[in-house]
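Visitor: Chains C, U and G supply the protein sequences, listed in that same order. So that you can map any letter, position 146 of the first sequence is 145 in numbering that gives the first Met the number 0, and since no number is skipped, the others follow by simple counting. So that you can map any letter, position 6 of the second sequence is 5 in numbering that gives the first Met the number 0, and since no number is skipped, the others follow by simple counting. So that you can map any letter, position 402 of the third sequence is 401 in numbering that gives the first Met the number 0, and since no number is skipped, the others follow by simple counting.
Don't take every hint at face value.
Stated by the list, open to error - Some chain G residues flagged as far from chain U (calculated, every beta-carbon gap over 12 Å):
#1 His31
#2 Val48
#3 Ser49
#4 Ala59
#5 Glu75
#6 Arg153
#7 Asp290
#8 Pro306
#9 Arg365
#10 Asp372
#11 Arg388
Stated by the list, open to error - Computed, partial: chain U to chain G, Cβ under 8 Å:
#12 Phe94
#13 Met98
#14 Val102
#15 Trp140
Stated by the list, open to error - Restraint-style ranges between C-beta atoms, simulated for each label pair:
#16 Ala199/U <-> Glu219/C: 43 to 53 Å
#17 Pro195/G <-> Leu90/U: 53 to 63 Å
#18 Pro80/U <-> Thr171/G: 34 to 44 Å
#19 Leu5/U <-> Val105/G: 42 to 52 Å
#20 Thr239/G <-> Lys133/C: 45 to 55 Å
Since the hints were derived computationally from the structure, they do not count as laboratory data. Just so it is clear, the structure is predicted and the values come from calculations on it, not from any experiment. Where is the CB? At the ideal position from N, CA and C, for every residue including glycine.
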Amino acid sequence: MTMVSVDGLRVSYGKRVVFDGLDLELGVGVHGLLGPNGAGKTTLMRVLATVLRPDRGEVRLLGHHIGDPAALRQARRQLGYLPQTFGFYPRFTVREFVEYFAWLKEMPPARIPLAVDRAIERVGLLERADDRMKHLSGGMLRRAGIAQAIVNDPRLLLLDEPTAGLDPEQRVQFRALLRELGLDTVVLVSTHLVEDVVAACTRVNLVDGGRLVFTGLPDELIAAGGDGDSGDSPIERGYTTVLRGARTAPR
Amino acid sequence: MTGRLLTLHLRSRGATMFVVGVGVIALLAWAAGTWLASRPYFDGPAARVPVVALAPLLAALLLGPTLAGADEDLDRSTPLPWRAWRAGHLLVAAFVTAMALSVAGLRAPDTYGAHALVRNALGCIGLVAGGAVLLGGRLAWLPAFGYVCAVYAAAPRQTSVVVAAWAWPIQPSTKTASWLTAATIFAAGTAGYVHGGCRARSTGAP
Amino acid sequence: MRRALRVELRRGTAPFAAAAMFGAGVWMLAVHPDDWAGRWAGLANYLRVSLLILCALMIAAGAWQAGRERRRDIDELLASTPRPGWQPLVVAWLAVTVAGVAGLLVAFAGAGVLIARVATYAGGGWWWTLAVGVLALAAAAAVGVLVGRLVPLRVAAPIAGLATYLGLAIVTYWDGTPGAWLSPVYGGWAVYSLVPGRVTALQAAWLVALTVLLLAAAARQRRASLLAGGLAVAVAVPITTGPGTYRLPADPAAVELVCTSSGPQVCLSRINAFLIDDVTAVAQPILGRLDGIPGAPRRAADQAAQPAGQSFERDDGTVWLSLDYQSTALGGLVSRKSLRADFRQVTRARCEDPSRSRSIDQRVYRTDTLATDWMLDEAATPDDVPLTRLRALPEPAQRSWFAAYLDAAHRCDIPALIRLGEQS
């Protein structure tokens with residue numbers, strides 16, 4: 000079932016057009032968002048996070064039209080978002096930070112304490128929950144950011160490069176969390192690490208030059224690559240092949 | 000090459016805004032001073048105490064952000080002779096500020112005019128430089144702001160040497176003790192800043 | 000809301016604001032205790048005078064708090080949350096306001112304890128003065144929030160504070176115009192003067208409307224800001240067209256006289272009555288010396304209770320004592336010397352010359368000093384020959400000399416005054 004649909008999306012920063020006529024549909028599951036630098040991954044994330052108003056096009060999140068203020072608020076209540084550059088309040092403890100965002104996401108006050116503990120536990124920060132944010136390492140901050148994103152049990156979760164700064168062990172744990180979340184949530188994960196996609200994603204979307212150049216199962220992306228293509232793993236080979244194909248094909 | 004480096008340094012520290020800001024402050028100080036001095040119910044040029052206390056403070060506050068680079072750690076990892084650069088930066092800024100402000104008080108310069116403006120510019124810049132060393136560039140304004148506001152609010156009625164020393168921002172420029180304190184603060188602030196530079200960026204403030 | 004407020008109170012700018020306001024409050028109280036000591040109305044008035052500095056601090060705190068989202072690069076994340084933007088803004092403002100006001104009130108409560116020990120008058124609606132002061136601090140924090148939202152500079156906080164300070168100072172310089180009532184800062188008038196209740200009520204309404212306007216503007220709530228702006232203008236009009244800040248009436252209950260029951264009469268207004276023992280100790284011996292001398296005052300009274308418009312020197316047998324800045328923090332007399340100096344009005348030769356064209360003989364001044372020294376029973380230095388000679392006369396002769404002096408002084412009979420100075 001389609002939970003997120005984007006139709007004829009056009010986004011530009013001044014004169015620079017990032018997307019023109021992008022269509023995208025996402026259902027429940029973990030979706031990887033791949034693409035080279037500057038392809039528009041973060042822009043797409045920001046549009047879906049309702050932070051960036053598109054110039055044109057229709058965006059429906061969880062059945063809500065985001066053009067309508069009341070529906071937008073409804074959609075935001077069920078949204079979790081971790082931006083690429085993630086700011087935080089250094090004097091807050093992890094618990095206070097997540098609690099604060101639970102409040103911002105208009106959770107019922109009675110549910111907040113439990114939900115906060117659960118979110119912190121799911122990212123494995125429970126023993127640091129009462130430490131100030133300024134005392135956390137980069138990877139821990141990232142996990143605190145993920146905890147903030149999942150505290151309201153969102154039905155649409157947008158994670159922009161969530162694995163940057165995580166050590167290998169944490170990444171393994173994080174992928175497990177992603178798979179668990181993907182059972183009943185639309186999760187869109189933007190990343191440069193294609194192994195994450197193979198390990199955790201049910202579907203892959205590849206954007207390049209403002210277009211969606213591939214959408215399908217990870218296996219289909221792997222199958223696209225041949226032995227002669229550049230890349231160290233099957234999915235890297237598939238990735239470069241699809242990109243090259245998209246760039247040579249006429250627009 | 001040094002010329003190019005100098006331009007880049009000034010741009011990276013937002014020198015343009017500082018210079019424009021000091022110009023605006025000098026202009027406002029001149030206008031406010033003239034207005035106050037011409038009020039019939041005040042005592043002529045001596046009514047310019049608020050200008051003399053606050054204009055140098057404002058200018059010094061603007062200097063605060065220019066004392067630190069965007070990433071102090073990154074700056075320090077470079078081989079540039081930073082002490083010389085910092086000394087030059089601060090001294091030139093102090094000179095520019097003092098000159099610009101003194102122009103605003105040329106009429107009757109010795110009764111709360113140019114002399115006192117220069118003294119207060121030195122003292123406030125010293126406080127801001129010291130603040131930058133202790134608290135970092137983002138909070139460098141705090142000690143100067145707090146101190147001058149406190150002195151100004153206190154407006155002590157006594158005229159002893161001790162008062163002249165601690166309440167230097169609001170003393171007439173004929174009090175030697177006020178000059179000594181302001182000069183000491185400036186020397187200490189400059190020495191601290193040249194030696195240690197801004198406290199490296201910490202995430203301690205809210 | 001409570002949860003978010005609690006977090007902001009603990010982790011936002013609030014604790015710093017509380018500490019800064021407490022420190023500023025203690026400092027302000029410590030530098031001029033004579034402005035407030037012993038008098039509740041004085042304390043409330045002094046809070047309003049101190050607002051000049053305190054508002055600047057609150058604005059700096061508000062701007063620092065409101066600039067945090069941008070400083071910490073978190074606006075994007077906030078933009079994706081459903082809670083309407085004005086709510087976190089109001090929480091942040093409320094946290095700074097509550098903490099700042101609490102810090103200040105702790106400092107002033109300390110002064111309140113000192114006052115409660117001695118105060119002899121608790122009326123005069125001083126708590127309304129205080130309450131409007133608190134509203135002013137809330138409005139100042141709102142100014143800061145707006146500035147912090149609009150100006151992406153770190154130095155915005157102190158500069159906004161200083162700018163407000165200057166603005167408020169200019170308004171107090173324009174003392175007298177009704178527009179000065181729009182500023183919450185009082186011009187430091189006498190503690191027993193009564194600000195009309197109408198003005199206080201209008202000021203409160205004005206500050207509340209202003210606060211709402213500023214917060215609504217910061218949260219980009221156009222309708223609310225238009226509404227609050229309209230209300231603010233509607234309140235400002237009667238304030239600016241009403242009477243100015245000149246010639247405030249005295250609070251009749253505050254200046255009601257409280258008098259000693261034994262000895263020469265010393266009367267203080269009720270608000271200063273806590274000083275009566277100290278004042279009596281200074282004034283009664285002097286009045287005792289003057290007792291029965293023709294033309295000499297028979298009693299000393301608080302200048303606060305002097306009927307409006309009456310000149311200082313009217314001969315009604317009363318010496319008027321100025322007690323406005325005569326209380327130490329603990330409720331004692333600041334300066335016996337300046338209180339004694341108030342008695343000089345008894346001996347002053349009434350030779351004031353409005354055109355100041357006529358110069359008065361120096362010998363007149365010497366006689367004046369001699370009479371004053373005699374009255375105040377000053378110790379004579381060995382080389383003060385006239386005073387020693389006067390004291391050597393028999394008591395009745397001294398008294399008649401003084402009576403003759405008073406008579407000559409009141410008539411400004413210069414030859415007589417010169418003769419009296421040489422004759423002693």
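Visitor: Go through the hint on Phe94/U and say holds or violated, using the shortest Cβ distance to chain G against 8 Å.
Guide: violated, 21 Å
Visitor: Beyond 12 Å from chain U, beta-carbon-wise, is Asp290/G?
Guide: holds, 36 Å
Visitor: Is Ser49/G truly not at the interface, in the sense that its beta carbon sits beyond 12 Å from all beta carbons of chain U?
Guide: Contrary to the label, Ser49/G does not stay out of reach of chain U, its closest Cβ about 7 Å off (not over 12 Å).
Visitor: Is it correct that the beta-carbon of Val48/G has no partner in chain U closer than or equal to 12 Å?
Guide: Val48/G is in fact no farther than 12 Å from some Cβ atom of chain U, at 10 Å.
Visitor: Does the Cβ pair Pro195/G, Leu90/U satisfy 53 to 63 Å?
Guide: holds, 56 Å
Visitor: Take the C-beta atom of Leu5/U and the C-beta atom of Val105/G, compute their distance, and say whether it sits inside 42 to 52 Å.
Guide: At 51 Å between Cβs, range holds.
Visitor: Grab the minimum beta-carbon distance between Arg388/G and chain U and tell me whether it stays above 12 Å.
Guide: Nearest chain U Cβ is 37 Å from Arg388/G, so the label holds.
Visitor: Are all C-beta atoms of chain U more than 12 Å from that of Glu75/G?
Guide: holds, 19 Å
Visitor: Checking the smallest CB distance to chain U, is Arg365/G really beyond 12 Å?
Guide: About 29 Å separates Arg365/G from the closest Cβ of chain U, which puts it past 12 Å; holds.
Visitor: For Ala59/G, is the shortest beta carbon distance to chain U beyond 12 Å?
Guide: Violated, since 7 Å does not exceed 12 Å.
Visitor: Is the shortest C-beta separation between Val102/U and chain G less than 8 Å?
Guide: violated, 20 Å
Visitor: In terms of Cβ atoms, is chain U entirely out of 12 Å range of Pro306/G?
Guide: holds, 27 Å
The structure fails hints 1, 2, 3, 4, 6, 12, 13, 14, 18 (numbered hints given earlier, in ascending order).
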